[in-house]
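Top to bottom, those sequences are chains A and B. With the first letter of the first sequence counted as 1, position 123 gets the number 123 in the numbering used here; the numbers rise by one all the way through. With the first letter of the second sequence counted as 1, position 247 gets the number 247 in the numbering used here; the numbers rise by one all the way through.
There's no promise every hint is true.
A few chain A residues that face chain B, going by a derived Cβ cut-off under 7 Å, partial list only [said to hold, decoys possible]:
#, residue
1, Leu29
2, Thr30
3, Thr49
4, Phe57
5, Leu58
6, Ile63
7, Val67
8, Phe71
9, Glu187
10, Leu209
11, Ser215
27 Å max Cα-Cα, derived DSSO-like pairs, lysine-lysine [claimed, not checked]:
#, chain 1, residue 1, chain 2, residue 2
12, A, Lys75, B, Lys272
13, A, Lys75, B, Lys516
14, B, Lys419, B, Lys272
15, A, Lys74, B, Lys516
16, A, Lys89, B, Lys272
17, A, Lys35, A, Lys159
18, B, Lys272, B, Lys537
19, B, Lys272, A, Lys74
20, A, Lys88, B, Lys272
21, B, Lys539, B, Lys272
22, A, Lys159, A, Lys26
23, B, Lys516, B, Lys531
24, B, Lys272, B, Lys531
25, A, Lys74, B, Lys539
26, B, Lys516, B, Lys419
27, A, Lys294, A, Lys312
28, A, Lys75, B, Lys531
29, A, Lys26, B, Lys539
30, A, Lys312, A, Lys335
31, A, Lys74, A, Lys26
32, B, Lys516, B, Lys539
33, B, Lys516, B, Lys537
For the record, the hints were derived by calculation from the structure and aren't laboratory data. We put the beta carbon where it would ideally sit given N, CA and C, even for glycine.
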Amino acid sequence: MKSWMGKMKAIMLFGFLSLLLAGCGKENLTALDPKGYGAEKSLDIILLTTGIMVGVFLVVIIIYTIVLARFRRKKGDNHIPEQVEGSKKLETIWTVIPIILVLIMGIPTVVYTFDLADTSEASSTLNINVTGHQYWWNFEYEDHNVVTSQDLYIPVGEKVYVNMLSSDVIHSFWVPTITGKMDVNPENVNTMYIEAYEEGVYWGKCAELCGPSHSLMDFKVIVVSPEEFEQWITDMQNVDPEEVPTDAVAQEGQELFQSNCMSCHAIGDASSAGPNLTNFGNRVHFVGYLEPTKENLVEWIMDPESLKPGNKMTGMYEVTEEEAEKIAEYLMQLKSTDVTPESAGGLID
Amino acid sequence: MSTATTQKRSVSAVIWDYLTTVDHKKVGILYMLGGAFFFLLGGLEALIIRIQLIKPENDFVSAGLYNEMITMHGTTMIFFAAMPILIGLMNYIMPLQIGARDVAFPFLNALGVWLFIFGGLLMNVSWFTGGAPDAGWTNYAPLSLQSPGHGVNYYVMGLQLSGAGTLMSGINFIVTIVRMRAPGMTYMRMPLFSWTTLVTSILILFAFPAFTVALFLMQFDRMFESAFFDIALGGNSIIWQHLFWIFGHPEVYILILPAFGIFSEIFPTFSKKRLFGYTAMVFATFLIAFLGFMVWAHHMFTVGLGPVANAIFAIGTMAIAVPTGIKIFNWLLTMWGGSIQINSAMLYALGFIPSFTIGGMTGVMLGATVADFQYHDTYFVIAHFHYVIVGGVVFGILAAMHYWWPLMFNRILNETLGKWAFWTFFFGFHLTFFVQHFLGLMGMPRRYWVFLEGQGLDVGNFVSTIGTFLMTIGVLIFLYNIVHTYFKGEVPAQDPWDGRTLEWSVPTPVPFYNFKQLPLVRGLDALWLEKMEGDGKIKPAEPVAPIHMPNSSILPFIMAVGFTIASFGFIYQLDGPLGRITIYIGMAIAVGSMIIRSLRDDHGYYVEFDEDEPQKEGA
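So here's chain A without its partners, still in its complex pose (with noise of 0.2 Å):
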């Protein structure tokens, strides 16, 4: 089966490439251009699919073109045709060949799904429970003792299960390129793992409708060498959230943080009601997607509702703008670690 399915994926590779003159889309957020093993077991599906599918559809309009082009009435033509009952042959023929087809489509099909589905190797690998928060990602390293949110580090070429599970209403785990979706739910863990092929910044996103701010739930994926991802880990187990910036600033900002933000956030090893911000000073973008600039930052402690639509942060405590760059700067500061998006590559605009 594998090198017959090999040729017909290049073959149709190109079909669908040349179909789309555009390209593919973003290589960090595109499911066409996989870079993870769910993602490429995905789009062979889709490939061999689509191709059969094309097939069936270029014989409806073959015989769709010879129908319009033959048998239109011309003027003043009045002969009545021959009223034909059917043809037992022919019905048999699209009878058959579709469920020959089929077939075709679905042996792959259900043994993929086997394959996807497969969680006998949970135990002895790394496991990372992840929690879908409206509107935010926690992601906890149980075995390590390490809690971070929105950005995800995974090594690179490793199998990596996630266990998910919804602390409000359903959420849905999508990473494009390097998997498909699974539902985050609220009453069940789901389990799936992942592996990505190659070192990057991958956007995450949810599908599964959850309120005002769905469309703003991003999250991102930061595979990096399993060296890298070592020395993150052991970075972040040494975190002392209670280390005291240099500059004066920053503490001030600390001490307010501390007045007013921790009842929900948290810094170090502990999930919280908000985002852990332990490495909140690597993140990608803040709140999942604005620049990382300490305007936005500020503009974002200020008024969440107008960033954020329906979150849970607004009017759970009060600051002046002063006080909020103040918190600004001693956040901004939170670099616990040398692995950063950048040792991934970063994100590619």
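Go by the hints and put chain B onto chain A.
Relative to the frame of chain A, chain B by itself:
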């Protein structure tokens, strides 16, 4: 009471006539009028959605309003536009096709249409009372439980009302077809549109109760503080998804099968050839309906049901392609060797073939679980079901309008305008939705209020929005055509398309009793048979005799008003005693009308014929 010789009547008389009518033709027109109104409303919502998405990070509407728009667009188009228009067509055409004088339960029929109209209006009242429902047309728990305000309550009560009406129609059509076919009209001589009406009604009968149950559970959770879907109290939100899709998938076939029926009438008529493989077409319809109940979980591949369930539902889904394929090829072969006349009705039918085939193809592709992990909840899915529902159902409805307009309104829709409308709508449709397949695969999930800049999604979204404008122009031309035809339309000759089936044998305007004498059906395509082998006239199956007809009644309308008032009460019942009082008032009106209806003897009346002039007698 209107008769074939009715002169111009005052506006209030016409309104009163329609409020009290139990005539299947007028009920059908009410369904279509209501459906058309909601179709325009849903279209406006679609336009707002696409304008919001014309460029990245647009702020044409707010996030909350956007979610209300998508929810109302989906719900309105499915429940209050597509389905009612189709039920309206079935109401008008099916009894004429099988040689019946009305449906089996005319009173119930009138109640159904008023429940639909009030259900739709009720739901749209939510726009003015603090916000429409905003949890998507699928209304997934727990998002729908968490949704603030009364929006989702409106969703529940609006759909419960109109759903009850639909269920009544389904039962009504089944009984009509089983019990009231004309002499000689055996099942295997029934026109395909009547067949699909029967199968669709069976689908309604079995699918809607699941939704009714789901809505009741949702109503209890939201309005009586129960916890069927509340996880914190031991409920389970996945149950909603199962119930919704056990209904929701057959619903797709409730929409598309009548459209298949319409095309199965149009292709033979305008090819002057009988339907190729009639028997196979009937069985394919049944097979699609049967399989339609076996595949609901393909909407839930990413829920985490496990590989066994996913694999079974994947194969089941792909299997539906087989009977659907049979239909497509049979339509093509119907035209093969025929004498094809291309007019507006036929244009929509011809446009349907490639459009729907694409929708069917992507349906098979979506059925492949592993591929669906990428497609699911993205614009690929949006593209797929719009190819099916616009390319199939809306094309079907528009084709049916052009085809049966002369029968229903005694006017022919303007051909030039019809062609303009078709081509703008057709191009606009493909421009809007084809590119969305790729948007989905390029990483754009559905129900996104904004998409971000620099993600390669700008061009596709822009093209898609432009397509929507074209579609809008197409619809406007069609509307203008209706107005134009109303005032200046050509009065058709009897049987303008050289039709094949019984409905073209009745005089236009269609008399309120349909058939003076019940027709004798001698074979498939009864009228065509008489044209070829007889004198072109349908033989009567009975002598001229008094015709028994039902009386008009305002009770269905009052009953529906009562239920609507009670629904308002339920929506606000947690807010204080006023809500509960409203429930009692509404139910008193509804139950009161039921008691009146039950206790009063109403045996209808007889139409006596005196030298060809129908006269009403008794009451």
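Would you pick out the hints that fail for this structure and give their numbers low to high? 5, 13, 15, 25, 26, 29, 31
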